[in-house]
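Hey, can you piece these two chains together into the complex? The hints should help.
These protein sequences, in sequence, are chains A and B. Each residue of the first sequence is one higher than the last, beginning at 1280 in this note's numbering. Each residue of the second sequence is one higher than the last, beginning at 383 in this note's numbering.
Only true hints are included.
One-sided and incomplete, this derived list gives chain A residues near chain B with beta-carbon spacing under 10 angstroms:
no., residue
1, 1749
2, 2021
3, 2107
Since the hints were made in silico from the structure, they are not lab data. Being a predicted model, the structure only gives us computed values, none of them experimental. Glycine included, each C-beta is placed from N, C-alpha and C at the ideal position.
Residue-level listing of the chains:
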Amino acid sequence: MEFIVKSVFKNMFEKKFRFFLIVLSITVSTSLFFASMAISDTLGKIYEEKLKSSVGNGDIIIANGNKAATPFFHTDKAEAYEGRTSYIIGELQGEAVYTTQDQKSVWVNLHGIDPSDMNRINPFKIDQGKESASLDDNEIILSSNTAEKYNLNIGDKFKLEVGGVKHNFVLSNTSYPIGIFADEARYFSAIIPKEKLGTIYHANDAVNVIHVKLKNPDDKEFMLNKLSQAYSEYSVREPIQQDDINNQISVMSTAFLVVMFVVSIMSIFIIYSSFKVVILERLPLIGTFRSIGATKNKANFMLISEIFLYGIIGGLIGTLLGIGILYGMSVITTPEYLKDIDNDIQISYLDVIASFVFASLLSLVSSIPSIIKLSKIPIKDIVLNTIASKPVKRTIRFVVGIILLIPVFVLPQFVTGQLAVVAVVISILLTGIALTLLIPSGSEFFVLIFYPIYKLIFGNVGMLAVKNLRQNKNMLNTISLLAIGVASLIFIISASNSVLRATTNLYTETASFDIEMSVAKADKKFVKRMEDIDGVEDIYGTFRAMNIDVVGKGSIVAIDSVDKNKLNDFWDFEFRTDGKKVLEKLDSGKNILLATQTKERLGVAEGDEISLEFPEGERTYKVLGDFPTLQFTGNYALISEKNLKKDIGTPYYSNIYVKTNKDPNQVVETLETKLKTSRPDIMTTKQLEENNVKSNDQIFTIIKGFALFSMLIGIIGVFNNLIVGIIERRKSIAMFRSIGMSKMQIVKMIFIESLTCGLIGGIIGSIGGYIFVWIIPYIFKAIYIPPISVEYPLSQVILFILATVVITISASISPIIQSLRVNIITAIKYE
Amino acid sequence: MNYVIQVEEMNKSYKMGSEQVVVLAEINLNIERGEFVSIMGPSGSGKSTLLYLMGGLDKPSSGNIKIKGKEISVMKDKEESSIRRKDIGFVFQFYNLIPNLNVEDNIMLPILLDGKKQKNYRKKLDEVIEIVGLSDRRKHTPRELSGGQQQRVAIARALINDPEIILADEPIGNLDSKAGDDIMELFRKINKEKGHTIIQVTHSKEAATYGNRTVFLKDGKLQ
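Next up, chain B with everything else stripped away, as it sits in the complex (with noise of 0.2 angstroms):
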């Protein structure tokens, strides 16, 4: 099968004084490529902590998880960074921005990071922004935008690099209906007529319905 994302009998655990917690318990998860999947799950069922794994932003506590076949867990920094750089696009609830770059600067980001030049990359920024469709706001800092434009900024950022993948937690959490249908109609947009591969994690069933298969969690099980 062509899986982009692999997890395999994977725990999670915290120590949270002299009490261990379980998280996460025996996930088994396979995504494949071009998927639209949305987590759902009641509140501290570990939807975000699973979709936070599965992006290599932590470390499962035993088996594994592997992004386009290769296992995140042995990976180093590097090679870590990098693949959150190019293949892993990041779609936050409160939109994560960094304030004081505009949102032509905030999109780039990760080009940036990847040490490549901006110039080469201009089509593709006028792109992602015509996607997103923030053509108007290209020098407006994020304190300028409403939630709903912040968060297509947000998208944009993710798309720059055509990643192959794009997690999204609860990108909806933070708007208002209209904006959320908005950003939705967005994700299926570029699921659809781009590929790539969406995984959201969301509590709203409405928002849920925009993907292709929707997976359960309680209690850290998979149901």
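In isolation and in its complexed conformation, chain A is listed as follows (with noise of 0.2 angstroms):
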């Protein structure tokens, strides 16, 4: 034993740039692996801190309801149940006008609020101003963006009109733009004294809005039951809803369960390609080893210790390495003002010793082929080194892998419903293992191929370079990793790029009118009256109901209202069948019309009854059908505005859409100085696309960052191999040295090695990357994300193909000049 572990170390030693190589494989694999896992769950928490961000991070939230007599109330209700919580804050919110200079009217929220206990629901950090933590009388704290925009500095005095009567505030704070802060494009957030607020309300110590935050988050049902009957008139509900969450992180997760897939197919490639040199040098040392009586188990036990201990060393490194990379993201991501407060990484122990795991399996996984053939191998042949390689079988690969190509266009088209998403992840399984299988005949082919150009441009060494890449092995294994690496980079741009697209042309390509808006408290008298506004074409209002369960189903996110004279002027839904005829059999009676992906999801067909929990009670509908649509990526529905208006018991409009004649921007003006009172939230289509953009952009950043990261472990991997490579042919360089190959023609001949190497996985990837195109819009209906048109990135696919050329060329260098070193009387005589 004790020699064994003497010898591995003595051997990783020895071999210094091997053991930093491998290890080098491992940390990087096993740091990517880690960030991946752990990015996801830092993403999620960033798309949750921007919902929390307007809702703050209560677990539960009762505000003023249609039903109540007063929009007030106490806190003694809930206070009953002050055990099982952590807080339970009451809030005054409120609406003010503020009068700019050049008298335009601005919207404000006001939150009546001790700023302490601001900090506990939604916390923000004081920029300039008193230090005190408490507001007197007058006193405002405003954002700092505000107070730039509108020339307020600490101590100045200015007017807010609440409820039509206009009071004093003086500044006494700036915060930096976080918390109710972050998101002020249309209106500005301000906190004073709730104490000043109840004044103005007449409140009488009451509030209308309380958070309550729980100790166990377990208890939120029991919760959220009780308080509903404590507080039956109001509304009680999640600020945020889980699945609204869950629902944007289950496509991030599956982008970078396809980094992680790509990371630990390329790294396999690495470590067993580096591996296999580990063994070919050892083999001395085993020979001797066994002849001199060793088990062949004790042979493999001192290989598998030194991998193992190459796994560790690599897990440990690579975790630290994914802990740095992922604070480093946070750090570039996070502005300075929020640093002390928001860069708490997501980190958790499951995630390191999963990456621990990983590294040793990874190693082990990728050397025990190696350790395999090496058990196989006569001791007489280890001794006198005489182990002839075996060609590479490249039909029964070819075979197999077009077998295994079969699945892959057969299974996302008839798997359906649950286990579609099983089926598109064996797909992409099958597509990268059958790629790999198929990249020998492949590059087999191209040989062909450049093999009579090359004669023309090359001559005969160009003829020779040809000739090596058909059988060497290492040159396969560069070619496998760039054409995965190029196949994924398609993959993951293509399917980021496409939703990108999907989503900015969701209002250009569906919807037919210029505006949008909400207001609160907006019935059939307010829209009619907006008829009248200057520049209002057309004009179209809808219900809205949100998140509502559908019994023993699931749930379904929106569900709009329907005026079948109205709503295909202004939407283009492509419903199945005559647009008019449908609609007609909508109104007809209890009928809905499903999102195809909610359909699905739902696991319901046509003509099935559904029972639809609304605050009015429980509905009973009938599946009408479905039709394609990316609205609340296709968790949508469609009841007709007499039914939907009966079961959220509202005469209220929730979305107005508007159709004018006029410059757009020209309108939302008119409108917001027109309904000034009613304080509309008011959108151009062209407003809402880029709100869209923006949503998505940062998370899609990330993604196609990582994606591009996982391609520097295929950088590694083809310097790693073409320098394996070398060693492995030292003996085959001497001999062509020996029989009068010049230096200048060994360059060349492993320049164009490395350049048709380069061209070839480019090629084979771009084609690999066809098929993962070709999966996508199957992944996203697995995912139930509605139909998007997928398109083939072909600019960007010249470039990677034109960039695989540019690493197999820089990473030749070192080659070369190691083949240039090469002793020809040592290589051919003793190796």
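Right, here's the structure in full:
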């Protein structure tokens, strides 16, 4: 045992470069593995934070409902459950109007709350102003952005109009733009003393919002129940729907799963080829060891111990590096003012342990084929070093590769429902494996194409170089690495571009209106009044129910109402049959039209009945059919106006769509002025589009950056493989030299080999990418993303092929130098 | 005299750790055109080193080696490589063929490296394949051939450019006696009929008898 440990350590330190390469591969793979797991959590957190910035970190929120006689209530009923909560904080929320110097009206969200309480619910950070935590009577906190925008300094006095009466305020503090101050594009927020707003509203110590944070999140159902009973006239709900978060994260998780898979496959290639050389170099030692009586198991144990040690070292450094990467990303993506509040990168012990296990497994899986092969070699051949390498079995691999591609094209088309996710994951895996198996035949095919061209351009050395490519396993490994890398990049870029494009085009392609607005308490009369406003050509109001449970089947994020005479003028939905007829039918009874993805997710068919849990009680609807849409990422349905209005129990529209024959921006301004007192939230379709892009951009940038980073491991692999290739080919290079190959010809040969590897890897990768792109629509379907047109990123593919050539050519510099240093006599005589 | 190789006052030593190990000392050896010389000596006497030095695969520490009157130690890589392609043919103990090339391609390598067109050497290829007796194995790869057959390919490769000199390092050291005899017979035939100068390193007295001169090396010195 002592001998084994000693020799393992000695081996590692003797071949420092190889040791470095293997550990580097494991390290980079582990760090990427770790970071891809953790980044998914971190991105989830970013999204959650984004949602929380408007509602805070409470678990339950109690707010004004439609049924209550007075909007104000007390915290006492909630306080009966104080033992189960971390906090119960009452707040008075209100609205005010600020008139700017150029006489424009800007809406203000007033938060009547003690600043220290606000800090518990939704933390903010004071930028300038007094140090005391509490506010005096007229004092107000604004964001530094707002203060700057309206030229307000600490101590400045200004007026806000609340309920038609002007009140004086003094700016006591400014806050960095976080928490309630984070999104102030169309209005701004302010914190004032609760008592002040209470006096204005005559609320008498009552509040209109209660934030509840639970000690144990598992109590949520119980508390929602109890508080709903206690505040039966008010709205008791979760501030953020976990479904929303999960929905968003599932897309990211799939992307990172792909990245992790690619990273693992690449690492296996790298470690496998490095370890093959390690074994090759250990042969004399193993031969001696075996010849003096060591068993196969003992020899294997020695090698496994060595690779296990690599795994542990790589795992340790990789996890640390992963934490570093994550920290770096958090530092880059977090603004300066958020650093001491919100730099908590999501690291779980489970991720750390999983990374360690991954590193060890990766090392073992990658090295076991070489160890098994070694244990089958007779001792005599090991001692005499007369092991003949077998040629690549191209035909078998080709046949198996083609067979594996059959389910790739069949499975996603025919497997639907819950199993669809499994089917697409299997298809992605099989494509990767098939690609690897088809690479020898693919390379052979391209070699045949390149042969006459190279003969013409590079002469005889060019011919020799392409012939070398046909059987050299290291070069085939290099091609595999590049092909898998390129295919994955195409996959990730194409998928994210499609989603980005589709969300961007949601409004341009399906909206036939120019302006969308939402106003509190906008009923039929309100809409009628709007018709007379200059620039308003046509107008359509809809009711909306959010997060409606479907009994025993799941839930629907949004259900919109349909006015059969208006919908087709404002929205361009692609109904399967005549749009008019479908809407007539929808109107004729308790019918529902489901988005295609929703229909599949709920597992219902046309004619089925479903029970929906509306605020007014459970209602049964008949499924009329389905239609493709990207609204709410396909988690969407339509019900006739009269039914939905009744079921949600409100006469007020959720959304109002406006068509105009004038410049929409100008009409928005007119609407804002005319409807000032109703405080409308108005946006042109172009602004809606921009918002969509913004909200997706950060996430997709991280995913794309990550995919590119995973290419790094491919590049390390290519460098590794080409160096390993030269180590293996020392003898043949010496032979070439002995029969008169000049150093220049060696340089030329390796250069051409590398160039060809890059070209073939890039071309096969782009073909593999094409298959991946074909699978993407089925992935979207499986994770209930509506149909999106997926495009093959041709211009980027050409760039990738060029990049692979640049990578292999730069990676060939070191092997060229090494090959020129080969001692001909030593290589021929003793290797 | 008509010397194809001249070794004059040649020394070769290596540094091993802090010590200088002398491998060859004060070697003077002239090889005439058409000779078949065998170099014999115990293991470690410097036989192979001398052969490789004469083939320009290594540089002497001091002294001169001339091939066809030209001193190789002062040659640039391009000229030295050209001599190895055109004037010298190497045959090694372990054949040293390229595993992924077939018999024809292996034999044609020196032609390819010389930048010549393969089709102009078809006749020559047929001739050398006929000489080494591998007409029925032309499309086989080395791993499909026996040791003796592989060595015949190596000899054919050494002959394809019609070199003046053939250098063979233990050419039958890895073969059984029957295959060994056949190879030595082939060398004799090449030497006699084609007039190639052959220098072989061997341990076998029997193999040495195929040549017309034997030189002995002991402790790096010619005896």
